[in-house]
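S.K.: One-letter residues, chain by chain:
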Amino acid sequence: MAGTARQGTKRGRFAPYGLLSPGVIWLILFFMVPVMVLFRTSLSDRPNRFVPNALNFSWNFSNYTDALSQYGEQFQRSFVYAAAATIACFAIGYPLAYVIAFRGGRYRNLLLGLVVIPFFTTFLIRTLAWKTILADEGFVVQTLRDLGILAANGRLLATPLAVIGGLTYNFLPFMILPIYVSLEKIDRNLVDAAKDLYATPARAFWRVVFPLSLPGVFAGTLLTFIPACGDFINAAFLGSPQTTMIGNVVQNQFLVQLDYPTAAALSFTLMIIITVAVLIYAKVLGTEDIA
Amino acid sequence: MTATVAPPVSPTIDPAPIERTFPPPWMRKVGTISLNVYAGLGLLYLFIPIFVIVIFSFNQPKGRFNIVWQEFTLANWKDPFAIPELVDAFKLSLEIAAISTGVALVFGGLIALALTRYRFRGNAFVNLFLVLPLTTPEIVLGASLASLFIAQGTDRGFLTILIAHVMFCVSFVALTVKARLRGFDWSLEDAAMDLGAGPMRTFTKVTFPLMIPGLLAAAMLSFALSLDDFIITLFNAGTEVTFPLYIFGVRQRAIPPQINVLATTVLVVSVALLIIGTVAGRMRERSRTSPH
Chain A
12 MAGTARQGTK RGRFAPYGLL SPGVIWLILF FMVPVMVLFR TSLSDRPNRF
62 VPNALNFSWN FSNYTDALSQ YGEQFQRSFV YAAAATIACF AIGYPLAYVI
112 AFRGGRYRNL LLGLVVIPFF TTFLIRTLAW KTILADEGFV VQTLRDLGIL
162 AANGRLLATP LAVIGGLTYN FLPFMILPIY VSLEKIDRNL VDAAKDLYAT
212 PARAFWRVVF PLSLPGVFAG TLLTFIPACG DFINAAFLGS PQTTMIGNVV
262 QNQFLVQLDY PTAAALSFTL MIIITVAVLI YAKVLGTEDI A
Chain B
1162 MTATVAPPVS PTIDPAPIER TFPPPWMRKV GTISLNVYAG LGLLYLFIPI
1212 FVIVIFSFNQ PKGRFNIVWQ EFTLANWKDP FAIPELVDAF KLSLEIAAIS
1262 TGVALVFGGL IALALTRYRF RGNAFVNLFL VLPLTTPEIV LGASLASLFI
1312 AQGTDRGFLT ILIAHVMFCV SFVALTVKAR LRGFDWSLED AAMDLGAGPM
1362 RTFTKVTFPL MIPGLLAAAM LSFALSLDDF IITLFNAGTE VTFPLYIFGV
1412 RQRAIPPQIN VLATTVLVVS VALLIIGTVA GRMRERSRTS PH
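Going down the list, the sequences are from chains A and B.
Reading the first sequence from the start, the letters are residues 12 to 302 in my numbering.
Reading the second sequence from the start, the letters are residues 1162 to 1453 in my numbering.
Rather than coming from a laboratory, the hints here were simulated on the basis of the structure.
Incorrect hints may have been included.
[To be verified] In silico lysine-lysine, DSS-like type, Cα no more than 27 angstroms apart, as pairs: (1) Lys-1190/B - Lys-196/A; (2) Lys-142/A - Lys-1223/B; (3) Lys-1239/B - Lys-1223/B; (4) Lys-206/A - Lys-196/A; (5) Lys-1239/B - Lys-1252/B; (6) Lys-142/A - Lys-21/A; (7) Lys-206/A - Lys-1190/B; (8) Lys-1252/B - Lys-21/A.
[To be verified] Which chain A residues face chain B? A few, computed with CB under 10 angstroms, are given here: (9) Arg-24; (10) Gly-34; (11) Met-43; (12) Val-44; (13) Val-46; (14) Pro-106; (15) Asn-120; (16) Leu-183; (17) Leu-201; (18) Val-202; (19) Ser-278.
[Claimed, not checked] According to the in silico footprint, chain B covers these stretches of chain A (three or more CB under 8 angstroms from chain B): (20) 123 to 135; (21) 142 to 152; (22) 224 to 231; (23) 237 to 247; (24) 260 to 268.
We put the beta carbon where it would ideally sit given N, CA and C, even for glycine.
Just chain A, same shape as in the assembly (with noise of 0.2 angstroms):
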């Protein structure tokens, strides 16, 4: 692939520079710079009566240790739901993209910008309207009630499953598309020559697409994974106080609480635990290629 992409490309000195510098000085500025500035916050000094935001640098590491024994659980809550949240886009997802990919024929494209479509409608619209399908007066909830599979006091709202079932609604279209674009790479030749060679549809399914699939599946994950960690609407919107997930408790510190330097220790704590489980997670699948 390399081969062929590289044809006519010139050996720039000074010309590429010139063109990635203002894209890439204001991702400097405004990505790495900033985070530098929150790993620094989050060594400060705390808040407190006598000096509201002082925000003095003191290598103070308490931040760190406090706001884990503080928030272990809404970190381990935000993990959970968003690793459920990721299955169940996967085991939605997966199943759609292909058949987009493989099946769709001419209507590939349609299909394709009917899984785009609804995110056209503002993410936090979607998810007041899931709010309204899942009320306790609401036709969903009685009817569950009705057919006895809810309790008769039994409720959807305010439950870790309707967090987690709005986590893969709103992040559901990040796990499709990759699957989508790799899938829809794959050479059909090779479906047809594993079935020459006597293999069922399963079995080609299985040692033929879905390998070749694999960087779809990773970068799908990702996308599903990380933006679900850290997000705190489904969580005020769907849940209740005890299914809050660290990004609550984050903008809580930071913009209530006005306490930089713990919202800080759990953002920064947040992203190197994303990290560390991204790198893990692309040696397992040996996965390079994220874009």
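Place chain B on chain A using the hints.
M.R.: The following block gives chain B in isolation, referenced to the frame of chain A:
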């Protein structure tokens, strides 16, 4: 096996079908149908809340919360701008989305051009660097940018929202345009130069037209992301209120049906753009492949 010694036949005839005993045809059929049904249900699931949003834009709510169906009305559609705060928030969101998309298109387009057109030191590093903002949770991006502004003593407001939106849009634009330019034969540029075109003319007549499909896709993506962004904006908005921030702030006090009207409008406009884009792309392809 039915591989009898067949006389040489014309190559258009399919080779003898290979007999497969397992799974039997009826099982294959059941498998195919159930997979299609499963995928269809998945697609339906994607649309459930959308139906609710659109239907509730025609609701006449009792009280301030538009969450229980009462009766059909067109009043909300006749008066979509009834709530001035909502209109201001929506306008602000459109303005920010337009400006940040414009800036991100230039920055991201140039990065994509540099990455696909040249071989240079640090190429791999830039590629990784572009992916990092996408693999960082939004809450970390928002909190860190806000920490920077707080440490600098910068008041958060319109400008800081814009800075934040350009930041996350640049990566998306660069990666989208790059994906479209990959595999492009850059010797076309040399050909234009050999034919006497100057660098400026080569860019406007050869390079830029080839970038347009990628840039259009990137612009739509970037605009949608900016319009929809909530978490990063919440941390960097100060007292400014965008459309998502309005919904977040007001939701405890009221959920007016005008929210649904505006959301439905955004949806309809995006669908229209998507259709126009698809049809235009198909027509261009047809005119390219058909002999003149």
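S.K.: Provide an ascending list of the numbers of those earlier hints which the structure does not satisfy.
M.R.: Those not satisfied are hints 6, 8, 17, 18, 22.
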